[in-house]
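Asks: Spelled out, the chains give:
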Amino acid sequence: MKSIFLLHIRQIFRENDWILPLLLLVVASIVGSSLAPSNEDPSLRFSARTQTIWITAWLCSIFWVGFVSAKLGSSQRTKGLRGFWKALEISDAGYFLSLLAIPVICNLFIFGLAGVLTFFVGHTPEVPVAEWAYVNAQAAFFAVLAQTSVMALILAVTNLLDMAPAFTCGLLINLYGLYGIGAVDQVRSGKNPVLAKGAELLWTVSPHLHFADFLPRLTFGWGALPGKPFLYAGLYLAAVLLVSIATGSRLWRFRRS
Amino acid sequence: MKALVFCVAAVGIAAFGFSGAKWETWFPDDSARWNTFALRESGLGRMASRAMTKDADRSWHHGLTATSQVQASNPLSRWIDQGVFSLGFQGRLAYRPPSKFPIRPSEVREVLAKTEKDLSAAFRLDPGNFEAYDAYVMFLTTQIRETEFGSMDGQKEDADDASSVKADDNKDAGGDDDDDFAAVQRFRKWEKEEQCRRNLRAVAITDYAISRFAPKETDPERHLGLAMVYYNRFALLAPDVPGRKSSFIARQLFETQALQTAEKMEKCLQNAQSRQQSMIASGVWENRSEARLSDYQQDEQMVEKYISVLCQSVINNRKLDGANPASQLAWRAPVPSSGGTNKPPPFGTYLVPTKPGKAFVA
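Residue numbers (my numbering), protein chains in the order written: chain A, -17 to 239; chain B, 36 to 397.
Among these hints, one or two may not hold up.
[Said to hold, decoys possible] From the derived model, a few chain A residues whose C-beta atoms are all more than 10 Å from chain B:
| id | residue |
| --- | --- |
| 1 | -11 |
| 2 | 5 |
| 3 | 30 |
| 4 | 37 |
| 5 | 67 |
| 6 | 72 |
| 7 | 83 |
| 8 | 86 |
| 9 | 90 |
| 10 | 95 |
| 11 | 113 |
| 12 | 116 |
| 13 | 143 |
| 14 | 145 |
| 15 | 170 |
| 16 | 197 |
[Unchecked claim] Facing chain B, from chain A, some residues (calculated, C-beta under 7 Å):
| id | residue |
| --- | --- |
| 17 | 23 |
| 18 | 161 |
| 19 | 218 |
| 20 | 225 |
Keep in mind the hints are simulated off the structure, nothing from the lab.
No residue lacks a Cβ here, since even glycine has one placed at the ideal position from N, Cα and C.
Next up, chain B with everything else stripped away, as it sits in the complex (with noise of 0.2 Å):
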């Protein structure tokens, strides 16, 4: 009874402790409630995502990567190994080859899940790390019936590719196989509304890589990063050619998002100029391997060449009005300072190769 009472006095205390101690307002509004040991946007957390992304190539394969072969040094290790491929811990391609075992669309649907969590916790992790972000976006924007599943083993057969597999199937379909076809026919329906659903989170990454990034950032990688992040949100939302032709407000929206990106762009630019200056000047810029300042130097060039693209696209779109454009155009393209040649870049983003951006058909 002694201990009923003390509990039932304490639980009154805890429930006037829990009203008063208002714990949601303990962060900063942009902060998140919950974040594990606190990794999130840390120190450990941008080491965490850079390792979480280094195989971004995974990315690409969707998942679908084909493991490296380990030269065995001794006979120990040699046995293990054979043990560890006894149980199939190889993979799927060195398992069940493609070209024997066709890739079923569940699991195209299981490696897309697992991939995207992967790349998805690297991004949270550190929403400045472009190459995170990059490398997300680039499995977002990938169109799913392109992938490349299955070509990491070496056989360029139309059988290692889900594209193909789905038109086997359907070959198939007419024949002992129904299951498998309403199977494809389930995955093309899921195919377009999941597309749908990778574009809008691939906007929504790229804003809240924009939200997320401190404007006290002191290493001018990021804010070449953020540079980019900046055009790739334009390239996800500017309109598209056959709309910019038909279309008079959809010229002009376009031309607006193109100059307003362009000038965000070269004020990044600006400030990882301006940054980098202050590191050479306390010494820390010197610490760095020559393998990072030579991807820093190539990345400053990219970001100028996508000024430039930006501006040309202007220029272009333009001509679809009719108008001339050069003497309309009040905000020019820089010079580049670092050597770039101004030569329009490949499309896509710069890091790791990706599709061409829709808006610079024209």
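Just chain A, with the same shape it has in the complex (with noise of 0.2 Å):
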């Protein structure tokens, strides 16, 4: 198991993708503030590089590491390597996590970097170091969290499909678990009886991966999110992902193609 990550990430490395999502947040940090009119609020220079920098950081990692992690299951099948583990019986459960582990690294480069550098460039001077340290470190958690659970998904569905599918596959739970899920949340609370209670119903089985966006958090300066709130959401994202994982080691059983 351990080879079989060392093999993919040395690989990840050496094609030099890594590249482009790292220069795009430092790009992200040093434009950041012309984005906004910070000439004329001087304050708004702080939270545009903040909202520049964690919404570069959001692209990459869905773009980017959803892309990495399509790639790489579809190589499995189109470079015969699932047979070639299976003779060394490595179990599919073991060979799907060593792979799931690769998009876990790239997030954790792409999140951990976009929380350093907020915390040198988009900090504000009324806020206290150790409460934007701790924002931005809540922040990075939960998009690690909820991108991991996405990129099981892509990275299982590699086995039935392509790469290009896969990857769509993806982007849209991620486009619906972030944003798409508003309009069900508009929709639920309609004055349509039974718009509202099929709304409700969507609603309770979606993927909440939104309760990972702590892009206004950070823009606004709300402030971190309280310890309660952040361990039951924790929760629910750590067991979203476990279902993925269960789901996505399910897909990935070996067939012979």
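Dock the two chains into a complex; use the hints.
Replies: Encoded structure:
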């Protein structure tokens, strides 16, 4: 299992794709303040940098890490690696988890870097340093947790689909869980009782990835999420991750093409 | 089986976490729960709002404007332009001139909906941006039948605007196109309902702009913008002249509203001036371009003038009552500090010309 992980993580580093998100995040931290009218309101400088960095991090995670996951999963079948590892009697679940560790590392790299950059260039003087560090750590932790569940599904789906459809599946889940679910929320508070009930059901069973979206909290300086809701939301996202890993392992079972 | 048990346990944990997280309480009371990329009311949102309201002229023409002619500088560019034109991408006014192909009621509805969507998005991104607010209010309070549909193609024939299209359609109604007549009738009915909805919407967005204004705002221009929003609110809600002529209560209501609005505007003006002073002291003010500084001065004068207009309207209102207006007027209009002439300005708002407010005809 360790060799599977090392083999592919080395491959990712050799391809130098990771330079692109790194570059984008650094550029975002530099140009972020000029994307807002910070010459009129200097306080916007920090919030605009924070916002730009975290938007970039989310986009990099959704697109780049999603792509890496789809490519990684797809290459297992196209290069005949499934049969090779099977012959070495590596279990499907172990194989799946070793591969999943790679998108986790990528997400850790992206959101960790976003947190560090925001800590240094997006810190508003009025906010205590410890609180600013804490809220950034919370944001990075939740973002990695939420994105890992989506990456697990992308990876698993590549066992059945090609790279492009698998990536699209992940993209759609991300868009729905982060933003599309807002439409469901609006419908469930609508006047039509049938639609509202349907939306309520959908709301209950949908993956609430938007819990991990700390962009408004960071941008508008709402401070850190209190301990209790943080714990419950963390439990929820961890449970969603468990479901997606369980489902993913099931989908990842060896099959002859 | 193992995976199923695992999933059921995870779903149970998820339900427990979901119920305890109380996500609805994560946000301050006055914040939107759904804010994609936190754009609304953020620094980036402000910039986007400005970019979206640059083309305010488009709203005046309700979306039907001629595209600007680009001078191709090289053969490849010319070739691409020809291809674009051949596909009809140059727009409705050039591709199907209204003089030959009259604008249909369905098109009017479509462009109105599209333009409103754009203006609404710009306003929502930054409710404190007076330009975005004003363009939207102007769009909402402009009578649909008075639009200048199709006037941008350089022709002023009657066929160019929507009202004349309707007139033409009426002429044709007895002729060979009964469907057109029915469509125009439906459009008239829709127009009446739509105007009512638009008026209510104008009041709603005005209240929203006031409620979303951050008192800590450091930009003096925004405080001047707020003053004009107060003025617009008054113009939208104050009793009209016939109503005031016939009702004592309407006259009293008008006076109360006018004086309250003037006081609020005066306060906004003072806030703007104090912010300006602190910006001058910190050296930030000097970084602004000459054009912006000039605009600011004009805006400041305009707010002062509008305060005077309010005061004058109270005097005029009292004349309707037959009372001696000047002796009873407790509140006095301020003398412009920045060179204003106190001459009543044209009606409407000050950044883009709007239709006359109904409140100040007297």
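Asks: Next step is simple, just say for each hint if it's right about the structure.
Replies: How the hints compare with the structure:
Annotated as non-interface, residue -11 of chain A keeps its C-beta farther than 10 Å from every C-beta of chain B; the closest such distance is 27 Å. The beta carbon of residue 5 of chain A is kept farther than 10 Å from every beta carbon of chain B, the shortest such distance being approximately 20 Å. Some Cβ of chain B comes within 10 Å of the Cβ of residue 30 of chain A; the nearest lies about 4 Å off, and the non-interface call is violated. Interface exclusion of residue 37 of chain A from chain B breaks down, the closest Cβ pair being 5 Å apart, not more than 10 Å.
Distance to chain B confirms residue 67 of chain A as a non-interface residue, since its nearest Cβ pair spans about 20 Å, more than 10 Å. For residue 72 of chain A, the requirement that its beta carbon stay farther than 10 Å from each beta carbon of chain B is met, with the minimum near 18 Å. Listed as outside the interface, residue 83 of chain A is consistent with that label: its C-beta sits roughly 19 Å from the nearest C-beta of chain B, beyond the 10 Å cut-off. Here residue 86 of chain A stays apart from chain B, with its beta-carbon at least about 18 Å from theirs, past the 10 Å limit.
At roughly 22 Å, the least C-beta separation between residue 90 of chain A and chain B is larger than 10 Å, which holds for a residue marked as non-interface. Consistency note on residue 95 of chain A: stated as away from chain B, and its beta-carbon is indeed over 10 Å from all of that chain's, at 19 Å minimum. Listed as outside the interface, residue 113 of chain A is consistent with that label: its C-beta sits roughly 16 Å from the nearest C-beta of chain B, beyond the 10 Å cut-off. Residue-level check passed: residue 116 of chain A sits 16 Å from the nearest beta carbon of chain B, beyond 10 Å.
Residue-level check passed: residue 143 of chain A sits 20 Å from the nearest beta carbon of chain B, beyond 10 Å. In this structure residue 145 of chain A is separated from chain B by more than 10 Å, as the shortest Cβ-Cβ distance comes to about 25 Å. Against the 10 Å criterion, residue 170 of chain A stays outside the reach of chain B, whose nearest CB is about 12 Å from its own CB. Consistency note on residue 197 of chain A: stated as away from chain B, yet its beta-carbon is not over 10 Å from all of that chain's, at 4 Å minimum.
Nearest Cβ of chain B to the Cβ of residue 23 of chain A: about 5 Å, under the 7 Å cut. The hint holds. Below 7 Å, beta-carbon pairs count as interface contacts, and residue 161 of chain A has one with chain B at about 5 Å; its hint therefore holds. At about 3 Å, the closest approach between the beta carbon of residue 218 of chain A and any beta carbon in chain B falls short of 7 Å, and the interface hint on this residue holds. The beta carbon of residue 225 of chain A comes within 5 Å of a beta carbon in chain B, closer than 7 Å, and the hint placing it at the interface holds.
In this structure, the hints that do not hold are numbers 3, 4, 16, in rising order.
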